[in-house]
Amino acid sequence: MKQSGRKRNIWAAALGIPLLLAAAYPLQRRIDARVRTVQQEKDELMLRSGRVLKKLSLGYDSLLADIYWTRAVQYYGGKRRDHDPNFELLAPLLDLTTTLDPHLLVAYKFGAIFLAEPPPKGAGRPDLAVNLIRRAIMNNPENWRLWADLGFIYYWDMKDYKKAAEAYMEGSRRPGARDWMKVMAAKIAEEGGSRQTSRFLWDQVYRSTEDPNIRKNAFEHLQSLKAEEDAERLEEFAARFRRRFGRFPASARELVEAGILPGVPLDPAGYSYVLTPDGKAHLNPSSPVTSDVLKPVLPH
Amino acid sequence: MTWVVALNTFREAVRDRVLYNLIFFALLMIAAAVLVGQISIGIEHLVIVNLGLTAISIFGLVMAIFIGVGLVYKEIDKRTLYALLARPLRRRQFLVGKYAGLLLTLAVNTALMTLGLAVALFYVSRTFVRSDLSILVAVYFILLKLALVTALALLFSCFSTPMLSTVFTLGLYLAGTFSTDIRSFGEVTESPALGAVTKFLYYLLPNFNNFNAIAAAAYGRQIPLILVAQNTAYAAIYITLVLLAAAAIFSNRDLK
Amino acid sequence: MQAAIEIDGLTKDYYLGFWRKRPRRALDGLTLTIEEGEVFGFLGPNGAGKTTTLKLLMGLIFPTSGGARILGRAIEDVSMHHDVGYLPEQPYFYDYLTARELLDYFARFFRLSAEERRRRIGSVLDLVGLSSAADVQLRRYSKGMLQRIGMAQAILHQPRVVFLDEPMSGLDPVGRREARDIILDLKRQGRTVFFSTHILPDAEMLCDRVAVLVGGKLQGVGSPEQIVSIEVESLEVLFELPAGSALPPALEDAATQTGARYRIQVPEAQLYDALEGLRAARARIISVSQLKPTLEDFFLRLVGGEQRKHAVEISGGGL
Ligand SMILES: Nc1ncnc2c1ncn2[C@@H]1O[C@H](COP(=O)(O)OP(=O)(O)OP(=O)(O)O)[C@@H](O)[C@H]1O
Ligand SMILES: [Mg+2]
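Protein chains in written order, with our numbering: chain A, 1421 to 1720; chain B, 3 to 258; chain C, 3 to 321.
Treat the hints as calculated values from the structure; they're not laboratory data. No experiment lies behind these values; they were computed from the predicted model shown. Possibly wrong hints are sitting among the right ones.
Using 30 Å as the maximum straight-line C-alpha spacing, the simulated DSSO-like pairs for lysine-lysine come out as follows [said to hold, decoys possible]: (1) B:258 - C:145; (2) B:201 - A:1541; (3) C:23 - B:258; (4) C:145 - B:80.
Now the stretches of chain B that chain C is said to cover, found in silico as 3 or more residues with beta-carbon under 8 Å [stated by the list, open to error]: (5) 3-10; (6) 14-20; (7) 68-82; (8) 88-99; (9) 250-257.
Computed beta-carbon distance windows for the label pairs [what the hints assert, rightly or not]: (10) B:16 - A:1540: 26 to 36 Å; (11) B:224 - A:1483: 47 to 57 Å; (12) A:1540 - B:76: 48 to 58 Å; (13) B:24 - C:33: 53 to 63 Å; (14) C:81 - B:33: 53 to 63 Å; (15) C:76 - A:1432: 18 to 28 Å; (16) A:1627 - B:224: 46 to 56 Å; (17) B:222 - A:1491: 15 to 25 Å; (18) B:238 - C:38: 46 to 56 Å; (19) C:259 - B:76: 47 to 57 Å; (20) B:228 - A:1627: 46 to 56 Å; (21) B:5 - A:1540: 52 to 62 Å.
We put the CB at the ideal spot given by N, CA and C, even for glycine.
With the hints as constraints, model all of the structure from the sequences given.
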């Protein structure tokens, strides 16, 4: 039938479109591999002066700040995705963003985290993070939480407990500051980098933010702190076992059987710890919990 | 026959004074060439190429979308199509003819703008170097991109009003430009479901990021020939696909 | 000899409404055969489905069911258009082209040499009386001029079958005569003409056969005389009444008054009774004329009571 003339177009589309899409897929993958080398940003900024940029923005500086902030986030995300430890442009991008809009608090807060975290999670430049937060405080003096952020970087990333205590103290004097700021200042001054202080700090971070990424990060830190504490306790029990039986226990279960422990301890993710013959406690390799101190070891 | 329609479409565009944009482009290039030496030292070449190619891309894009969305709609709306389709002309030939006509318009327009860019470049550098060839490749990529955008505009023009078609085309263009970012966002969130969705979208949407070689041209970086071939193939595949869809829709609809 | 146009059960439903689409039948099972060389009139009141039929035949819209063949080829076959011309209803063409350019554009779809194109365009422009406006952009054309250029493009490639949707609409009296001449010319050349119209005298004068369509349904096909002979002949009497005298009661209902004049229409058999009554009333008879029964009457009868208003408007369309 000649009627097929119209129908033929439908058939051509119904068959042709999936086929062509299927052909586009491998092609796109090849292009992806090549296009990156061509488009590679020569990690360069045409304009580094925030003040010039502000003039050029013709009054749309807060919009431009948002754009630069997006660029900073994308830059950071891209570097993390590519496992590229070179975060050279991050600081200038943040600088531009916060010069264009000095009240863009997210840029300071996240920016400081991006900068301070050690590679591969961040630039490993807590000194730059401190500068950024200090600028934030200068531009937003009424915001006492910025002092907590500053103290946190001193405490956690730079391990400078004196400066950390001072920052918390300073912050606690601002109007509206919560009482725990004072508690933190006192605790850090007294104990330095104790695990309990750390836990308290991360707990504060966890509770004071609604951003899912920061929460997740804080949660992971809390988990590893808990695991480290558990491991230390476990090693103490193992030592007690040895005093009694002359050897280290082969597993946590043996500690339970010996009546030293009421049950097999689990890490925050629900996996049992691994005890090695030298009496050391380790994380189970299947556990998602990570720690700089505890290395995962396969159970024997 | 398709060619007859294409030439008439080109004639329409020219008579509608579409190429007036060239005057703006020329003024822009002249201003840039004269001013650039005074405000930035050492990067005149960079600025001229960046500005020129960006302008070529934007001017072309505006033209492709705004003419593209009216290509079919206007002929249906004004009923000029009635007498035309009484010729021995298939609807799909009409579509392809319209498409080719706008493509021809865009190609001529782009060629003239490229000429303007070359003149401005010569004015500031006093010479051409081998690496300037990548500017031509970048222009070619822009044309591929415009060809794809035009196909999309034509597709929407077959069944919706110019207003809506503009929204659709622009939306797809933006989505296709940022699909790389959408995908990396999906990867960074580490949620497998979201990652799968963004990855699927990444391969489904037309990828306009492929055609971005402006930075490479500005820094005189060489663009491998194989990428030129791959991008050409990619554009051809995607354009065919879109035109197939347009033909299927248009051949089966009643003209009001 | 094969038929020029064979229409077989052609049906079209339009779907109305945005959410719940309700079908509305615009053409209902039209079946018609038109021989080569015929001039065929397609008559019907507004909204009868004439334009719908022509658009279906030209492939601009698609039938719900049924089909048609033109010169032995199905209407879906675009090659059929080599031998077919079409003047759309209220035609509109590209603003930015001149008449000559438009015709040249359309002529390029046929295998014609440049020389042949130029020659034909010149003669066809002459034929429709647009020679002096040939190089004016169509955006400056009046309604009637557009109608003329529409006629020109329909016959430019010397098609064997020509479809004209209301070819006389928008034309001045001279234009109408010229259009009629063109149709008669086409007939002399042995071409088939299928045209829709409301104007009955045109159809009577030009057509070998006519079809009448009402509400999407075919009401009848035949030669104009055949259809006319159905009607009973009648007479019209025009008269004036002197001051102070009244209409005879028997005629009160039938008479229509225009100023001082009255008009009655009576069957032949009752003429003398009517005149008798008028004489008694001392009426001054102005004229008694035989009403040549026309398609119009046939039309009025077909359309019937409800659509009478329509039909009256149509009768006003006559020259
Ligand atoms: N696009 C459409 N959508 C919905 N209904 C339509 C459409 N076109 C026509 N119709 C309906 O179909 C019927 C037939 O219309 P058509 O235009 O064929 O009449 P016609 O005989 O040409 O009338 P006219 O003498 O006024 O030109 C009408 O009732 C009309 O309302
Ligand atoms: Mg009509």
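So, going through the hints one by one against the coordinates:
Restraint check: the Cα-Cα separation between residue 258 of chain B and residue 145 of chain C comes to about 21 Å, which is no more than 30 Å; the hinted pair holds. About 23 Å separates the Cα atoms of residue 201 of chain B and residue 1541 of chain A, which keeps this hinted pair within 30 Å; it holds. With a C-alpha separation of about 16 Å, the suggested pairing of residue 23 of chain C with residue 258 of chain B holds against the 30 Å cut-off. Distance restraint check for residue 145 of chain C and residue 80 of chain B: the Cα-Cα separation of roughly 14 Å lies within the 30 Å cut-off, and the hinted pair is therefore satisfied.
Against chain C, the region 3-10 of chain B contributes 3 residues with a C-beta closer than 8 Å to a partner C-beta. That satisfies the three-residue criterion, and the hint holds. Check result for the region 14-20 of chain B against chain C: holds, 3 residues qualifying (beta carbon to beta carbon below 8 Å, three or more required). For a cut-off of 8 Å, the count of residues in the region 68-82 of chain B with a CB near a CB of chain C stands at 3, and the three-residue condition holds. Counting residues of the region 88-99 of chain B whose CB lies closer than 8 Å to any CB of chain C gives 5, which reaches the minimum of 3, so the coverage claim holds.
With a threshold of 8 Å between beta carbons, the proposed coverage of the region 250-257 of chain B by chain C holds, since 3 of its residues qualify and at least three are required. Against the hinted window of 26 to 36 Å, the Cβ-Cβ separation of residue 16 of chain B and residue 1540 of chain A comes to about 56 Å, which falls outside the hint. At roughly 36 Å, the beta-carbon separation of residue 224 of chain B and residue 1483 of chain A lies outside the given 47 to 57 Å, and the hint is violated. In this structure the supplied range 48 to 58 Å holds for residue 1540 of chain A paired with residue 76 of chain B, their Cβ-Cβ distance being about 55 Å.
The given range of 53 to 63 Å is respected by residue 24 of chain B and residue 33 of chain C, whose C-beta atoms sit roughly 58 Å from each other. Between residue 81 of chain C and residue 33 of chain B, the C-beta spacing of about 56 Å keeps the proposed range 53 to 63 Å intact. For the pair residue 76 of chain C and residue 1432 of chain A, the beta carbons lie near 20 Å from each other, so the given range of 18 to 28 Å is met. About 54 Å separates the C-beta atoms of residue 1627 of chain A and residue 224 of chain B, a value consistent with the hinted range of 46 to 56 Å.
The beta-carbon spacing between residue 222 of chain B and residue 1491 of chain A, approximately 24 Å, falls within the hinted interval of 15 to 25 Å. At roughly 47 Å, the beta-carbon separation of residue 238 of chain B and residue 38 of chain C lies within the given 46 to 56 Å, and the hint holds. A beta carbon spacing of about 53 Å between residue 259 of chain C and residue 76 of chain B agrees with the range 47 to 57 Å that was offered as a hint. For residue 228 of chain B and residue 1627 of chain A, the hinted distance range of 46 to 56 Å is satisfied, since their beta carbons lie about 54 Å from each other.
For residue 5 of chain B and residue 1540 of chain A, the Cβ-Cβ distance of about 57 Å falls inside the hinted range of 52 to 62 Å, so the restraint holds.
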